[in-house]
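Heads up: the protein sequence lines correspond to chains A, B and C, in order.
Numbering (this note's numbering) for the first sequence: 1 to 310.
Numbering (this note's numbering) for the second sequence: 1 to 265.
Numbering (this note's numbering) for the third sequence: 1 to 530.
Don't read these hints as lab results, they were simulated from the structure.
Hints may contain errors.
Claimed, not checked - Some but not every residue of chain A turned toward chain C, in silico, with C-beta under 10 Å: (1) R213; (2) E217; (3) R225; (4) H230; (5) P305.
Said to hold, decoys possible - Derived Cβ-Cβ restraints for the label pairs, each shown as a range: (6) A/L64 to B/E159: 53 to 61 Å; (7) C/N118 to A/G97: 48 to 56 Å; (8) C/P76 to A/Q133: 20 to 28 Å; (9) C/D412 to B/A90: 44 to 52 Å; (10) C/D196 to A/G13: 57 to 65 Å; (11) B/A39 to A/L64: 56 to 64 Å; (12) C/R418 to B/F15: 32 to 40 Å.
All C-beta atoms, glycine included, are put in the ideal place defined by N, C-alpha and C.
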Amino acid sequence: MKLLAWLGRKVGGALVVLWLVATAIFIGVRLIPGDPAEAIMGGPGSQASAEALANARSEYGLDLPIVSQYFLFLAKLIRLDFGTSYSFKDPVLQIMGEVLPPTINLALMALAVAWLLALLLALLAMRANKFGQLLGNAVEIVAAAVPHFWLGAVLIMLFSSMLGWLPAVANGTAAGLVLPVLTLALPLAGFLTQLMRDSLNTAMGSQFALAARARGESRLTVFRRHGLRHAALPALGLTGWAFSSLLSGAVVVEAIFARPGLGRSLLSAVLARDIPMVTGIALFSALVYIVVMALTEAIERLIDPAGAES
Amino acid sequence: MSRTAKILSLLFIAFWVLTAFVPALIAPADPLAINPSQAFQAPSGAHIFGTDESGRDVFTRVIHGAGDSLYIGLAATALGMGLALVLGTAAALAPRWLDEVILRVLEALYSVPSLLMALLIIAFTGPGVGPAIVAVGLSTAPGYARLVRSQIRTLKNSEMLEAATVLGRGTWRKVRNHLVPNALQPLLALVTLGIGQAVIWAAALSFLGLGTPPPAPEWGAMLSAGRTYLHLAWWLSFFPGLAIVVVAAGATLIGRALGGKVKAI
Amino acid sequence: MNPLLAVENLCVSFAGQHAVDAVSFELNAGECLALVGESGSGKSVTARSLLGLSGGRVSAEKLVVCQEDALTLTEPAWQKIRGSSVVMILQDALMALDPLRPVGREIEDVLKEHGTLNRAARSTKVLEALASVDLPDPERRMKQRSTQLSGGMRQRVLIAQALIGDPQIVIADEATTALDSRLAALVLKQLAALKDEGRAVLMISHDLAQVAQLADRIAVMRSGKIVESGTTEQILNHPQHEYTRTLLRAIPSGVPRFAPLSTKAITSEPRQLPPTDPDATPALVVENLSKSFSRHPAVIEAGFVLPRGSTLGLVGESGSGKTTTARMILGLERPDAGSVTLLGERFAPHGEAARRNLRENIGAIYQNPLGSFDPRYSVGQILTDALSAGRSKRGSGYKDQVARLLEQVELDPDLSGRNPRELSGGQRQRLAIARALAPEPQVLVLDEPVSALDVSIQATVLDLLDRLQQETETSYLFISHDLSVIEHMSDLVAVMYQGRIVEQGSTAEVFGDPQHEYTRSLLTAMPRLR
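Throw the hints in and build the complete structure from the sequences for me.
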């Protein structure tokens with residue numbers, strides 16, 4: 001019963017958020033000066049054909065009073081009808097279906113790599129001496145401050161131009177994935193390590209860690225049985241946000257490495273001021289955030305059912 | 001913050017302020033001066049950052065680009081932080097129902113990550129410097145607002161304020177004597193961290209062609225332009241990017257030293 | 001018979017500083033030795049070095065633990081004897097158990113590290129261990145986290161965990177410190193049982209009164225050294241060292257009202273307060289006070305009267321509702337029902353603006369004062385702010401008054417420029433008292449004012465409070481869980497249990513002839529020295 005209630009709350013919350021985003025977009029479009037049909041299709045002074053404009057007018061009911069337009073708009077969204085993309089000339093939903101998988105793929109892999117790296121670094125940091133700690137600190141801060149576009153360029157420079165180990169552009173092979181994934185994963189790993197190190201230090205210095213040692217456990221065992229969970233918890237809490245920011249970073253990474261995906265599509269949609277496409281992507285990313293947040297909350301509950309560490 | 005740290009931070013800030021306002025002091029040459037015979041020179045004594053495809057000195061361009069690159073970042077932070085302060089403080093001090101409403105709105109905005117949000121805004125406004133400022137400012141505001149709210153709430157419920165109540169202090173005096181002064185330092189830390197992030201986002205927008213138009217020596221744009229020549233002349237992209245990293249990392253360090261252990265922006 | 005524990009000239013240092021200096025003692029099976037000292041005495045470090053967990057540089061002429069030469073033990077060898085031959089019971093059960101793991105697992109860990117039982121056998125043993133400490137419903141409880149258990153249950157889990165390895169030496173590090181007296185008595189009983197079973201018990205504590213009930217021998221530590229040791233009888237009745245005498249004198253148990261606890265008391269002979277005028281308006285009248293949080297009742301129909309110039313002790317265990325009551329009296333929480341009358345005027349429930357004028361008549365002292373100070377203010381500024389009703393914090397016009405306040409609470413006037421962070425616990429509490437006294441209130445609410453202080457410092461602060469009361473005739477509402485402190489400090493007593501006041505009356509009545517069952521159980525658990 002509690003599970004159903006929780007699910008119900010999550011779904012309700014999701015609908016509210018999506019509704020807010022959709023409304024914001026609706027208002028945003030109507031704020032653009034000039035002909036709304038043009039605004040939707042390429043912005044003021046767009047090159048859209050008269051036919052396309054007429055289509056847009058009828059599809060969005062632009063001759064109707066504004067309240068009706070709003071409800072028409074919402075009704076279309078509920079039916080998952082995002083309209084036709086101005087720049088790609090295909091239904092938005094169809095295009096999104098094509099470009100989503102590679103981006104999600106990339107983001108998931110980067111998330112996994114970032115987590116693994118962060119855990120490893122946190123473990124190493126635990127055993128490091130004073131100098132090592134300082135160095136670790138510096139590396140973390142820099143890693144988290146490095147922008148994706150620079151890191152990508154540097155990695156290409158190093159591993160592609162100078163060493164020739166890995167390709168600089170997507171070529172469909174696994175090797176072509178390495179640099180893009182690393183570019184996304186490293187800054188996130190830097191950020192996660194900072195978090196994990198903090199909570200790991202607190203956990204390993206706490207009374208229960210001492211009690212565990214007093215039971216005869218080695219430091220490594222204490223880390224495994226106690227430290228790990230405590231270190232992972234705050235990082236887990238931020239995974240929702242982290243995944244979203246990975247999608248965000250994908251925009252830049254796909255641009256650098258010339259990979260097809262959501263990011264690239266969004267970029268061209270923005271440049272072309274293709275509102276239907278933009279609407280679809282905006283709602284989608286909001287949905288992703290909500291889903292990931294719900295998932296991480298569920299996992300957190302599993303690890304910490306009593307809510308002891310919140 | 002220790003004395004050495006204070007001095008280093010001030011020097012760091014002073015250097016960049018100088019670079020932004022009087023770049024000629026550090027790099028007297030003309031950033032736009034074309035010299036085709038000198039194109040694609042690797043870093044050397046004469047050109048410590050090398051030259052680009054038109055023979056322009058990269059070092060000079062990086063220094064002169066500081067103003068453009070930092071301007072968007074700072075303006076965006078001012079906008080974003082301003083909004084965040086208003087919303088966050090309102091949420092923290094408001095009655096329960098208003099707090100809930102603002103929180104929901106912030107949550108909705110927060111669900112779209114910063115760069116995506118910035119791009120969405122530019123889809124409506126079109127590219128350019130002004131839109132870039134608005135885009136970065138608005139997209140970072142929700143995250144900061146949540147942090148501001150949490151800071152002020154902690155202070156509001158603190159024992160310090162309770163003790164003041166018991167001593168008979170009125171609301172105005174409590175806010176003036178205790179709440180505001182104690183909120184300033186963590187907020188300052190937040191702003192500093194925010195500037196670091198904003199510089200990165202602004203450069204990202206220019207990198208994608210949505211910010212400062214060429215041929216301005218803005219770092220993001222330079223990095224983007226240099227991509228085509230990455231195999232030939234790595235220094236074209238490397239040094240502008242390095243400048244961004246230095247500013248962002250420096251701001252982060254200073255922000256953390258001021259007391260910001262910020263969870264997520 | 002060889003002693004289970006033989007320590008000779010143990011020294012432990014951290015970065016060149018000695019935390020433990022030339023400490024020597026022995027412990028035999030079936031015996032209980034208590035290491036008693038205040039914070040910084042080195043007692044905890046000593047205990048940890050007996051498990052190889054001190055974290056510092058250890059050197060000794062002799063360190064024998066369970067027939068093993070501990071000085072030559074490698075880390076793996078230490079791990080073998082930790083948890084099996086030697087165990088340590090830590091202070092706070094809430095902190096000593098990992099909140100993210102089921103408590104059953106924490107206990108099972110001991111078996112995993114020592115012995116070769118399979119999972120099913122381990123499970124059975126854990127259940128047995130929990131049953132042996134009288135934990136109700138062990139199958140369900142062992143799957144729960146420590147935060148889901150009550151204080152008493154957590155304590156039992158800790159003990160089960162210590163005993164499951166069948167240790168020869170049990171080290172109890174401040175095992176009763178964070179506990180309410182009834183729970184502490186329970187723990188002492190179990191430790192006594194361990195002693196009877198032939199194990200050796202080493203008790204680390206700052207509470208001389210409590211250890212005296214169990215220990216055969218006592219060693220008093222100060223600044224890393226043992227200043228005196230002997231049998232319990234010798235130490236309690238014929239203390240030789242000055243420090244031991246100070247510690248004994250500081251214990252409030254059985255000390256009459258206004259008799260000084262420390263040697264620094266300014267009044268050397270106990271004086272009585274002038275008898276209270278029965279017709280005078282009482283300082284505080286609390287009637288039928290009730291408060292619930294999310295349908296959980298915290299305070300239920302609490303009522304008492306605090307006459308002018310006297311002290312009412314409100315005693316109860318944690319969770320009894322005493323702090324909520326105090327907060328309602330101070331106007332920080334709005335009561336759901338009932339009223340608080342301060343000096344004849346209605347104080348709660350009341351609009352804040354209307355009662356602000358009355359606030360100068362009532363002040364508060366908390367257990368940990370540091371959080372109540374604005375971190376940006378120095379000692380002098382805190383007092384100036386208090387004297388000027390918040391209008392100024394730097395005013396030079398207040399210099400004399402600040403100096404007088406500092407003198408009144410026996411604080412060095414040179415401390416005026418320091419930040420409270422730099423002061424010791426005792427000094428901070430004096431500062432809090434000075435601040436509370438600045439508006440010259442008629443009533444002071446003191447919520448566990450000395451619970452976080454070392455015994456000898458506690459004594460000086462209690463004496464200070466007595467002296468101030470005699471000088472200013474302030475009325476005190478003194479809240480504590482420590483019965484001996486309440487007995488010493490109060491004229492009237494009210495006992496709180498689960499939100500209700502179950503008994504109240506004069507100190508002599510309540511302590512001499514308790515009526516309610518709960519009061520009786522509290523008094524039975526109270527350690528008595530005199």
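query: Checking against the hints above, which ones are violated?
result: Checked against the structure, no hint fails, so every one of them is satisfied.
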